[in-house]
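Build the full structure now, drawing on both the sequences and the hints.
Protein chains: 4
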Amino acid sequence: MIATLSSTCTLGEKAAILRFIEGHGLRVHVGEAGATTIVSIIGDPEPGLAEAIEALPGVASLSLDAPRYPFVAREARTEPSTVKVGDVVIGGRGVVVIAGPCSVESEDQLLTIARSVAKEGAVLLRGGAFKPRTSPYSFQGLGQEGLEMLARAREETGLGVVSEVVAPEDIPLMNGFVDMLQVGSRNMQNFRLLSAVGEQPTPVLLKRGLMSTIEEMLLAAEYIVGAGNPRVVLCERGIRSFETATRGTLDISAVPVLKERTHLPVVVDPSHAAGKRSLVPSLAAAGVAAGADGLLIEVHDRPEEALSDGPQSLTLEGFADTMEVVGRIAAAIDRPIDHAAMGRDRP
Amino acid sequence: MIATLSSTCTLGEKAAILRFIEGHGLRVHVGEAGATTIVSIIGDPEPGLAEAIEALPGVASLSLDAPRYPFVAREARTEPSTVKVGDVVIGGRGVVVIAGPCSVESEDQLLTIARSVAKEGAVLLRGGAFKPRTSPYSFQGLGQEGLEMLARAREETGLGVVSEVVAPEDIPLMNGFVDMLQVGSRNMQNFRLLSAVGEQPTPVLLKRGLMSTIEEMLLAAEYIVGAGNPRVVLCERGIRSFETATRGTLDISAVPVLKERTHLPVVVDPSHAAGKRSLVPSLAAAGVAAGADGLLIEVHDRPEEALSDGPQSLTLEGFADTMEVVGRIAAAIDRPIDHAAMGRDRP
Amino acid sequence: MIATLSSTCTLGEKAAILRFIEGHGLRVHVGEAGATTIVSIIGDPEPGLAEAIEALPGVASLSLDAPRYPFVAREARTEPSTVKVGDVVIGGRGVVVIAGPCSVESEDQLLTIARSVAKEGAVLLRGGAFKPRTSPYSFQGLGQEGLEMLARAREETGLGVVSEVVAPEDIPLMNGFVDMLQVGSRNMQNFRLLSAVGEQPTPVLLKRGLMSTIEEMLLAAEYIVGAGNPRVVLCERGIRSFETATRGTLDISAVPVLKERTHLPVVVDPSHAAGKRSLVPSLAAAGVAAGADGLLIEVHDRPEEALSDGPQSLTLEGFADTMEVVGRIAAAIDRPIDHAAMGRDRP
Amino acid sequence: MIATLSSTCTLGEKAAILRFIEGHGLRVHVGEAGATTIVSIIGDPEPGLAEAIEALPGVASLSLDAPRYPFVAREARTEPSTVKVGDVVIGGRGVVVIAGPCSVESEDQLLTIARSVAKEGAVLLRGGAFKPRTSPYSFQGLGQEGLEMLARAREETGLGVVSEVVAPEDIPLMNGFVDMLQVGSRNMQNFRLLSAVGEQPTPVLLKRGLMSTIEEMLLAAEYIVGAGNPRVVLCERGIRSFETATRGTLDISAVPVLKERTHLPVVVDPSHAAGKRSLVPSLAAAGVAAGADGLLIEVHDRPEEALSDGPQSLTLEGFADTMEVVGRIAAAIDRPIDHAAMGRDRP
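Residue numbers (my numbering), protein chains in the order written: chain L, 692 to 1038; chain S, 692 to 1038; chain U, 692 to 1038; chain G, 692 to 1038.
Be a bit skeptical, because a hint or two may be false.
[What the hints assert, rightly or not] Label pairs and their computed distance ranges (CB to CB): (1) G:G734 to L:E723: 46 to 52 Å; (2) S:S698 to U:P1002: 37 to 43 Å; (3) S:T699 to L:K810: 53 to 59 Å.
[Claimed, not checked] Sample of chain L residues at the chain U side, in silico, Cβ under 10 Å: (4) L901; (5) M902; (6) R931; (7) S932; (8) T935.
Calculated directly from the structure, the hints in this document are not laboratory data. Because the structure is a prediction, the values reported are computed rather than measured. All C-beta atoms, glycine included, are put in the ideal place defined by N, C-alpha and C.
In structure tokens, the structure reads:
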């Protein structure tokens, strides 16, 4: 049961509503996003209680059969939402490309890649400083040193910075350096982390878990938005199936399904799904054709020496070629690649 | 171990080669496609035997580490192969669209749909007369009556006809009516059926099994081509995963993976993967963007009354809209939708 | 909608019932098993028709919300059914063990294995003569020669014979040699084959498809029983998942789920699920503990030389050890291993 | 590359070894468990460096082709390890049963259940105080209040307490109340949490991720053991597959596979895999038959009123019946259910 409070509801009325509900043995969860306040009511109400709640001053409506994710559901807004990362708009008319290395490895590497992807039309730079790795013996990232390199790359290229956060206690540090916090696949159901990124204002790139349904991804987003941060972008990046020819199985259907179910922007990561460089251009093209608002692409100047994800990283040339093809498809469906943020001479 | 015979090998030499191999306790499987004859040698050869076989007159080469599917492997040809279905070419520059109802239900229904999809740019008509159904209590198709309706639709619209074959004994009957035999997902590893369609000349549309890897699909194609019929088109149609938001999970990566591994044409069936009409346009667009040579789309004039697959069938209007979007994407990547066969006025 | 005819319904009444239903534009499917005749009615009835059908002479009941598999559903019988294969009863108190090589390779091999497994308590002999293989270049079985060897092994050991049938046209030949026809995983939805084994009296061992749901398996069994052959035993043999440590993922839960949903006997094949010899004893033990009526185990006297499935075949000693452990578990749950058919001295 | 230090290596030698490796541009990760110290060397060594490292004083051996999880691999110990939780030994001869409600809901509930499961032979009590829930609107647990109830139940019944930890910052609080920390499925790859539970001494119950491979589970355990805590018990609890008849697919094969690959104890959770009460006894029996060292079972006195996981919780009677069957199987394979810790009158 979910009660939506009216925009004219006073704080006193709100407190009274909560007291009333809890006084009848139920629990409440209050979520606020912009002018909308939602009170989720947990437990089985006694007969007649629903009507009584609905009649309280300040309650706009009460839904017995509420959507499972009232904040992020498509019905929650009249039009799709957009998320601003610096001066880049994700979810608008243009397709946004986020590119960069899997891990930040050195300042030289990062600057070389950043300059190159910016020139080809990327508007945000990705790069991991804290790396969640399956093996404790794999390279775990440069930490703060990596964040500082990202900030310098931003300074030089103007690209906004996206980097993964792996624990709530790192958020203050990261917010000193990055423009968008990525929640990785393995943390999609790390609910403490979801709540923590929801309680601060930096935009969040939420990657789908390898094992997570679309429904679970929307509920993960609901944790963030319900905690107060509406700036969430969803990312499809391949799920697990029996097929071993690719690292993951890109669930391309997730793009139109998400577009039907939520107002949040959706981007596609063709690199992790493919696990193999040569497949990335086709998957990037498919993502845009399917309706994605953006792409997240791994690029490396010397992939064969990369400390992580080398086999799936595009070379600088490969990225340029991919942008060319993707650009033609994006233009054909009237969603040109967004270069605006760079003030470049491209259309 | 696989021996390739030289194009100048005589029949007498070939017989001697086989006798020699079998005389050493090994089994052979001989496959022929065009001028290429391949002798697959099964069993463990005694030391020195490989060299002895390689030295026999008529043996061009002997490969110890042969591809698992020598006839369909990318390496088997210098360029991609094309498959002609009537005057339609699958695997050439243009994108080919095959459309029609899941099941043939009546002559009126079929003609209405056929006329409409032909007008919008489909060049082949799909329609099931023999339906393999999960439940014995579901509609199993009209059988020969359905085939006759398909033939009449071809006569009127000029569209070539694609229909599913479910058993070897039906092939002679079907060949009186259809231009392309479809082997369905549930029969992808019905090896008797694969051999049977390989021993006759009608082109074959081989759909990927719900549970089959890309490797297994290529081996299934090898059964057909190795039996003598090189006219095979592969179809990705969604695999099983844990996700339940869609009927299948369209493995869009299969398109570029297949393009790397085989010279055979590849088409995408967005309808079965989606299981839901509203998702089909996005998946069709993604398929073409990913590099597919064609699409297989379910269309029905009154989907709500369809005897099978209604929820995933596009309406006539939906198909027209889909063709418009797909056409723009196809043109953007220089693979315009092929209307040539219809002699229509579209470019 | 499913109509059950009364046991006193005459043939004339039955014909009239079918005429009446078809006269109202609906299709029918008639299934008979023992004294039960079920008429499945396909299509949407006009208002009032259901009542009219129910009132016809000879109709016992009409169910609008019928089980999807009326013949095999648990509700169809008051107690579990048993299937007799020769003098072996599957589905009774005892646990039945079927053992033998994947493929029949030679008479010596087969007799050595058959004698050994009989001595250790197996009561049925498995062995493939027609092998459905993923690759056309793999050993495809000895065919009729293999069947003849199986028959000779039965003669010498008294073990009943189970062998796979891959096409309807082979059934008459096979019925001259075998006691139980196996329908393999890849053919679980080969509906022509299901109907064909349903139209003859030899018991059928139906293996679950690698990626078939339990529901689909029950519908496959319904094809067989509905066609007239109630002697069906279901076999769980591992499904496909993302895990690659084993060849398949043994869905042990399928045993209690099937026991709840159907009255048919259920056996477990630990060999194909494991794909690795060392895991077989644990999985066999788990199968019996979970409530299976029997086991299907691959055994080979020289697994390292086997033409198929060597790595997962138990050695003769391994089989003896496995029977010892399984025997203790079976006894502990009061379902002792059934040695009766052999007239052996074991309890 | 992994270097194992000798047990006589001095701290000075160790420091010199690390300096030497890092001086050549490589990174190191040092893990210690008991007397074993392992130095994992990350990066590509220059030619000749491996030999130089091996020759350093204090290096016992250098492995270029090291196991991916040197601390938990089967080869790391001559015999299986045991984990002591209070006076309960997991991994010894007896089978250990951990039982209790999904969530702690009230003191009455908890005591009723604890007394009952103790009486039937459980030796550890499970119960969640911090619940990671897919939806932000589901009951999230009682937090510290729940922990206090668990401690009181322990006091009264003598049962050791197992409860889930969801974030590193909760560990000090939890260690005041519980005997074993559970890391849940959704956190199996929350590497910060794994490190945190590895840096403290309380035993850890590590549940397999819903879509994690066995290999990934072992690497997750390696994070914990490598951080200093060897007291890890692995728990198979069902993975995701396409089958929807059960909540998860219990990967029963994981039991023997884990027994081959690691020396750590393995328990099975039949409740989460089943998702349905009626299937739990069969799966519990299968787990013990397959070789598990213990079971983790959800039990509730009034499952229909449970705030979480009611449908899969056994009733008190159901638990008693399950223990009876499981006990017979355990005895049959000479691994009697361990009641020792309770000082009860059962054998």
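*At a threshold of 10 Å, is the proposed contact between M902 (chain L) and chain U supported by beta-carbon distances?*
Holds, about 9 Å.
*Against chain U, with CB atoms and a cut of 10 Å, does the hint on L901 (chain L) hold up?*
Holds: closest Cβ of chain U sits about 9 Å from L901 (chain L), inside 10 Å.
*Between G734 (chain G) and E723 (chain L), is the Cβ distance one that fits in 46 to 52 Å?*
48 Å, holds
*Range hint 53 to 59 Å: satisfied by the CB atoms of T699 (chain S) and K810 (chain L)?*
Hint holds: Cβ distance 56 Å, inside 53 to 59 Å.
*May I ask you to test the interface hint for R931 (chain L) with respect to chain U, counting a Cβ-Cβ separation under 10 Å as satisfied?*
4 Å, holds
*Double-check T935 (chain L) for me: the hint is only fine if its C-beta lies closer than 10 Å to a C-beta in chain U.*
With a closest approach of 7 Å, the T935 (chain L) hint holds.
*Return holds or violated for the Cβ distance of S698 (chain S) and P1002 (chain U) against the range 37 to 43 Å.*
Cβ of S698 (chain S) to Cβ of P1002 (chain U): about 39 Å, so the range 37 to 43 Å holds.
*Would you check whether S932 (chain L) satisfies its interface hint, that is, whether its CB is within less than 10 Å of any CB in chain U?*
Check passed: Cβ of S932 (chain L) comes within 6 Å of chain U, closer than 10 Å.
Of the numbered hints given earlier, the model fails none.
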